[in-house]
Amino acid sequence: MAVTGIFLVLFLIAHMLGNLKVFAGDASFNHYAHWLREIGAPILPNVWFLWIMRVGLLVAVLGHIWAATVLALRARAARPVRYAHRKKVRGSYAARTMRWGGVIILLFVIYHILDLTTGTLNPVGDPSRPYANVVADFAPARWYVTLFYTLAIVALGFHLRHGVFSALRSLGQQTPRGEQRARAVALVFAVALCAGYLLVPFAVLTGLVS
Amino acid sequence: MNLTLRIWRQSGPQDKGRMVTYQVDDVSPDMSFLEMLDVLNERLILAGEEPIAFDHDCREGICGMCGLMINGDAHGPQRGTTACQLHMRQFKDGDTIDIEPWRARAFPVIKDLVVNRGAFDKIIAAGGYITAPTGSAPEAHSVPVAKANADAAFESAACIGCGACVAACPNGSGMLFTAAKVTQLGLLPQGQPERHTRVIGMVDAHDEAGFGGCTNAGECTVVCPKGIPLTTIGRLNRDYLAASSKRGDTPGT
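Chains as they are written, first to last, in our numbering: chain X, 1 to 210; chain E, 1 to 253.
Careful: at least some of the hints might be erroneous.
Okay, the calculated bits of chain X under chain E, using three or more residues with CB under 8 Å as the criterion [to be verified]: (1) 29-38; (2) 70-79; (3) 169-176; (4) 188-195.
List time: in silico DSSO-like cross-link candidates among lysine-lysine, alpha-carbon distance up to 27 Å [what the hints assert, rightly or not]: (5) X/LYS87 x E/LYS147; (6) E/LYS122 x E/LYS111; (7) X/LYS88 x E/LYS226.
Don't read these hints as lab results, they were simulated from the structure. For clarity, every value in this text was computed on a predicted model and none was experimentally measured. No residue lacks a Cβ here, since even glycine has one placed at the ideal position from N, Cα and C.
Take the sequences, apply the hints, and build the full model.
Written as structure tokens, this is what we have:
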């Protein structure tokens, strides 16, 4: 969980920073998006780097889901008779929603790829004009897209809040003061990442980016 | 106080079991929770019914025998307290209280509220010990231990093995118990020879016993009557990583 999660988190950071290029304007954002396809040239032929990344991410996502499924099945098997009276998990809301939150994020990722990578569900859907795709996507008339995007990002924030702390613990964080630091790092990171991702749709919604 | 109790009744390991409602009147707020059950049992015996089986021994919070899920809380609503040290003043007149046994595949119900916690013994047998010369106790200061390590080891040594961590864990994991033992022994010089085989052996025994995996949800430490901190699990993880990458003391490698 921790190792695949860390790889995915590194991707999330890079993806968020890339998204913020939208504030640099149409030409700059499109140039960045096209450059992504050419990373590694001339050593690597065109789009090879992108496909290596995609395969790497797919392996990480599948590994993450596999580990989560094993844990969930073990948890189910470990308590064959349920409690008649059961309190909600008090550790944290984030810890309680890890599994269903993960499913929501997976559904969102599938939609997100169909929307902004393949363009199938995008009103513009022109791969040569990613800036136009983004602006059309979060247009005020399509508020439900922005709403779904926001919910998914908030779910991701909760997932990361527990996930980052849990990954640090799995990799051997062991002192009480370190635990406070790890929890603080997880919270700050989750909030910062959420804010970074939500800036783009709300900038489009309010007309800052058009 | 007059209380309504809903208690899990199960005549034996094969019985399916069910929640049964009992009315208990004239309960003193100064009674302990187990004394209240004693009163109910006396009435059941006088009425010719089967008394409710529940585990208890020292009744002063140090033996680890008692363990009841009270209204969905392991050991009841008061933190840092075993069920035997819980008093009825924590409840109100007219309350309905649900009492269930620990629920885990590794802790099968023997009867009513009594579960078999032998799985913990298997974990201990797989590494929860040290090689020490038997005989008289050595001079206390002959092996120096850093104060911070002694304190952290002592904190973990407070574990009484009651199983509340397993009962409360959403994954049915016994990792806090295992980690408390690994931390206690791993922090002391006497625990070093088996440090790596211990953590591998105990975690393997834990998994074989049918406990779930830890997801750091943190429920265990909330209900732990001895307040074993969640950081012990980090110490276990670090030892496990070191042990599985080295395997220095595995024969033939």
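Tested hints:
no.	hint	result
1	29-38	violated (count 0)
2	70-79	holds (count 7)
3	169-176	holds (count 8)
4	188-195	violated (count 0)
5	X/LYS87 x E/LYS147	38 Å, violated
6	E/LYS122 x E/LYS111	21 Å, holds
7	X/LYS88 x E/LYS226	22 Å, holds
Violated hints for the displayed structure, listed by number in ascending order: 1, 4, 5.
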